[in-house]
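J.: Here are the chains, one letter per residue:
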Amino acid sequence: MADRKAVRWHIGIFLAPAVIVYTAVMIVPLFATLDLSLYTTVDQVRRFTGLANFRRLFGDPIWSEQFWNALGNNTWFFVIHMLVQNPIGVGLAALLSSPRLRFAAVYRTAIFVPTVLSFVIVGFVWKLILSPLWGIAPGLLDMVGLKSLFAPWLGKPGTALTTLALISVWQFVGIPMMLIYAALLSIPDEVLEAAEMDGVTGAAQFWKIKLPLILPSIGIISILTFVGNFNAFDLIYVAQGALAGPDHSTDILGTFLYRTFFGFQLQLGDPNMGAAIATAMFGIILAGVCLYLFGIQTRLRRYQF
Amino acid sequence: MKTTFGLLMAGTMLMGTAAWAETTLTIESWRNDDLPVWQQTIIPAFEKAHPDIKVVFAPSAPTEYNAALNSKLDAGTAGDLITCRPFDASLALFQKGKLADLSGMAEMANFADVAKAAWQTDDGKHTFCMPMASVIHGFIYNADAFAKLGITPPKTMDEFYADLDKIKKDGTFVPLAMGTHDQWEAATMGYQNIGPNYWMGEAGRQALIAGKQKLTDADWVAPFKELAKWGPYMGDGFQAQTYPDSQNMFTLGRAAIYPAGSWEIAGFTQQATFKMGAFAPPVAKAGDPCFISDQPDHALGLNAASKNKDAAMVFLKWVGSEDFAKLYGNALPGFFPLIDKPVQIDNPLANEMLGWRKSCKSTMRSTYQILSRGTPNLENATWAAAANVINGTQTPEAAAAELQKDLASWYKPQQ
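Chains as they are written, first to last, in my numbering: chain A, 333 to 637; chain B, 43 to 457.
Check before you lean on any hint, since a few could be wrong.
DSS-like cross-link-like pairs, simulated, lysine-lysine; straight-line CA separation at most 25 Å [to be verified]: (1) B:Lys210 - A:Lys479; (2) B:Lys210 - A:Lys488; (3) B:Lys256 - B:Lys454; (4) A:Lys488 - B:Lys271; (5) B:Lys254 - B:Lys197; (6) B:Lys359 - A:Lys479; (7) B:Lys317 - B:Lys167; (8) A:Lys488 - B:Lys267.
It is worth saying that the hints were derived from the structure and are not from the lab.
Only a predicted model underlies this, so the values are computations on that prediction, with no experimental measurement involved.
Make the full structure from the sequences, and use the hints.
T.: Written out as structure tokens, the structure reads:
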């Protein structure tokens, strides 16, 4: 009897559910969006226009000004997260993993709780806290004699975006904290004991032993932050509305896309231009992720325990 | 509310089958706040006079209305009567053949041209909805505060600022209850409120549409110049004050003057514990003609695919009558009948605002007709511009120049 390889149907069957669901909810809509951006609608007739929508987006000052403004704001939003959220997350994780800390579980839970709150609640609560009329922020500052420092932060073009970025940091600082905390716990005791034998303790131990070991986790967190920030929309929409005021100073790619795609107030929606913006966002995120995967992750040194 | 409404609908249907001669009319609307008024006041009044026609008021949420109505009309499941949004949303439905042409109805003669403009084709030849109500802009003030400070409602801009100075000097009340956070307050209750006095109402609005005037002309920059002076009279941190903040600030008695739209009347009457009055937008110099923004808000159209056209026409004729105007205007104070005849409104505040129609000429918001058809959208751009001017981050001239540039980028008559 000839030795025939049996067809391994089970592989296909096991893969099928994931492939079908992923294709239906991710891949098809993605390509449909890319496709949509190549058309235009004139007098209720859809026409193929090639890259005209992109030429308009980047070439027409009316569109390109808005796009670069949104991209610039989005970059600032990301920079704040990288400079504030992730270092604080790492620091909190280092503190929490200290064996001498009491009530660590309580702190851990308290810091993580905002992460599970809805954007709508976070936006609303912070708008109330910072409200110059009914907020507790002016009162609290007054109690310590710093009332003069209070300003209507959410209403000033210079401060609104930074304020919103910090609110978002407050909400999401628990995520890098948890990931780093888990990475710190997974460092074997032998490594730390060996360090102690060599006299490396305390802060030096953190900088020289622990930090290099958790660098891959920090890399992952950075890329998650990047993708999350460049897809952000909800907090700005809830706190500032679709026009992302004052004077578009908090407009990020997500709100720009929303306004264009669905329309706003008397502005009718333009799904084709919206799809062009969505495609540009996809390109930016793809480029960022590729840069990380091929430029940084391959150079990170990994340690096997 | 949903269950009650469901039961009511079921009840209406059962009755419909019992008495076979009856026709049931369904009204599509976004005014879900008004459901009790329709069920308790308006529909019974109609059914009393027309026992053979049953009417069901079936509203949906304001934000969903346009999309829901479009799909219902496409699927052929929409009601017989359609509540019409002003201008382009309804015009598009008429052009697609979803709304019937009502130009021939005799009742249309009851309405002035400016009242019908929101539901006409650009050339004014076809009218496709029966005008129902408008909202008027002006200022609502805390009469107790005015009495306490010994000031009177201003007639001119100079008097207006003199009053504001007195209120500010006294310090008990915030002079102006308005914020710029939500932006539309600044444009709608600011620019469009006082603007008509400067651009001479309809004359200026039509000239802008025809391309004979520009937004950079003195008449159109002047209201921005006034708004630029408002900031110091508004509350601390007005840049972060939202629309509900402003409403609460006024109804809690913390502020003296509220730049308003008449739709606030019902809510304010319920919540405020002090006496209120209203004054029309002050004019620049004593003796100047005055203009008010009398913005058409909703109308009623006929679904072109309706199976009950005869009954629907009976209802539409009633909507175009004086009786309906009186009933509707009193049931919903602040939504004023558009009919070209004097209507007595019992709510004193609403009556005061309605009275301005006699002393001043009516116009509507300058950005709504035609000028917001392109990108960038003039209405939305005006929100940002007005907020910037009050915040002091843009000069009136720069704001006007930017608006003009935006408009000229797509609107041919302005190029």
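J.: Hint by hint, note whether the structure agrees.
T.: Here is how each hint holds up against the structure:
no. : hint                : result
1   : B:Lys210 - A:Lys479 : holds (21 Å)
2   : B:Lys210 - A:Lys488 : holds (23 Å)
3   : B:Lys256 - B:Lys454 : holds (13 Å)
4   : A:Lys488 - B:Lys271 : holds (18 Å)
5   : B:Lys254 - B:Lys197 : violated (30 Å)
6   : B:Lys359 - A:Lys479 : violated (62 Å)
7   : B:Lys317 - B:Lys167 : violated (46 Å)
8   : A:Lys488 - B:Lys267 : holds (20 Å)
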